[in-house]
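K.L.:
Build out the structure end to end from the sequences listed, making use of the hints.
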Amino acid sequence: MDAIVTRGLGKVFKEIGKPKVRSLDSLDLTIRKHEVFGFLGRNGAGKTTTIKILCSLLKPTAGEAFAFGENVRTRRARRLIGYLPEQPYFYEYLTPRETLDFYGQLQGLGPAERAREWDKLSEMLDLRDIAAQRIKGFSKGMRQRVGFAVALVGDPPLLILDEPMSGLDPIGRRNIRELILRMRDENKTLFFSSHVLADVEQVCDRVGILVKGRLVRQGRIDELLGKKTAGVEVVATGLDTSAVAALKATCESHRALDELERFTFADPEAGNRAARMVLEQGGKLVELNPLRETLEDYFMREQRPDERTGVMS
Amino acid sequence: MNRILAVAKNTFREAVRDKVLYVLLFLAAVSIFGSKALGWISIGQDIKIVKDISLASTSIFGVLVAIFIGTSLVYKEIDKRTLYTIISQPMHRWEFLLGKYLGLMGILAVVTVVMTGVSAAYVLLLGGSLEPIYFLAVLLIFWKLLLITAFSLLLSSLTSPILGAIIVFFVYLFGHATGVFLDLPPQFHGTFAEKVLKVAYYAIPNLGNFDLRAEAANGVAVSGVYVAWVLAYGLAYTAVLLLLAALAFEEKDV
Ligand SMILES: Nc1ncnc2c1ncn2[C@@H]1O[C@H](COP(=O)(O)OP(=O)(O)OP(=O)(O)O)[C@@H](O)[C@H]1O
Ligand SMILES: [Mg+2]
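So the sequence lines, in the order shown, correspond to chains A and B.
With my numbering, you'll find the first sequence wraps up at 313, consecutive numbering, no jumps.
With my numbering, you'll find the second sequence wraps up at 1254, consecutive numbering, no jumps.
Heads up, some of the hints might be wrong.
[What the hints assert, rightly or not] BS3-like mimics (lysine-lysine), calculated; alpha carbons at most 30 Å apart, straight line: (1) K1252(B) - K59(A); (2) K18(A) - K1252(B); (3) K1019(B) - K1076(B).
In short, the hints are calculated from the structure, not lab data.
Keep in mind it's a predicted model, so treat the numbers as computed, not measured.
P.N.:
Given below as structure tokens:
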């Protein structure tokens, strides 16, 4: 049984006096059990819309979605899903401990179970020190930790996280990354959206790329990027100016930094020839690096030309 | 049931921290104690007037709390996005709604009891006596609040607090004067407006039914049948409004 299946999922927002917005268009997705799936797309691509449909906040205008075979509109499906919203908001006047207790009650857990959940989650997310403070004064990182804990209450097998790392500092991002990996080791299925490619690259088994509400590609990262290298970088030192000029004539790009000369070649063969030339000219070969295409390059390539403008971050 | 109570408890807690509540309670206290001043004007009538005005302020301030807090009950949770992690829990949406309703009714019960306690003590202090009809009048005021709160909740799941509050307020005003919808001047006979007003007459609850102020002030008893009928009328109306609120909320995009 797959963890998430969507068939022809679509959402059109209609509001009186405003033009219709098609946020999602016939989305077909299959997320297998125990998979870590990265859901990529630029601002406004429809990631949050998809996630809100999966968590039954929005009603799709077309198609259906299932979590472990249960329609996501049912209570049984919601029992299987832990959800972390884009910017989690909780009752400001409650403390983390009261908050987790509240969500435990909503899940129908008894007092003993709720106490056990608190012990486990407060340890995992480092909430002990702030257990008795009101959420009101919390920083983004503290809120995100509470949000993650709330998503984990009741130990759901599927976690749906909407941009779990956005707005966090490097340590915060790393902590979330480690949590994701830890959840993967606990055999949970993870579905998370992001527009930060590096985060996705490091933890995901598979990714899907959403452009203007349509899924343009899904697959394993290495399949999408291909095994082939995108070129070679030759780093050399001890070359005289004529040798540098000769190499510059054949390379794609050149950069000189301190004592080092860096040449990149799209064709690996050209890179080999350049390396031989460096040695022949009495230079020293410092590094020979294969250049792999990054997810970011891929992402840029997949966007239609009219959408390349605008900054990806 | 636990889920509903958990939501109710939180709603109660939040409302207790709402400044609006204390402003309204303060105004209610001022009007209760101020009622004595009116009593001086009409010598010998002061106890009657204090009773009358206390009941009126219990009713008015209860209604204001129901409207001001009630119409923002659901809207605020959508607006502040606290709803996201709640609606995605394995609970029914109507359970959430009912929890919000019960939480606010809890607040209103406390408000009613406090205001009644204060006015009763004041009446006794002035040397008056309290008949059972006085407390029956308070019960019917509370019953009216059940209805007004359910209506506010319905609007809270449909529209913004300001628009909701205006609508509830007008329905409240018309609800005290539903007779005017039937008692029309002759030029209305047979017109479309007459039909609309007739529908309004049956749709808008007759809030005058809940008003026992005159009887309470004068210590006149009312029949048990009447009271039972009004209680049933209020409950039926409230149930329908809560059902509509649940239906409106069930499919809503948040
Ligand atoms: N309630 C709504 N009413 C109307 N349009 C909406 C609504 N919610 C989202 N949209 C529109 O749907 C589109 C997709 O939005 P969505 O929030 O799903 O994007 P996203 O991929 O999550 O973007 P981001 O990276 O900025 O979070 C946007 O064009 C947005 O304006
Ligand atoms: Mg989003």
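K.L.:
Would you mind marking each hint as holding or not holding in the structure?
P.N.:
Against the structure, the hints:
no., hint, in the structure
1, K1252(B) - K59(A), "holds (8 Å)"
2, K18(A) - K1252(B), "holds (18 Å)"
3, K1019(B) - K1076(B), "holds (15 Å)"
Of the hints listed earlier, there is not a single one the structure fails to meet.
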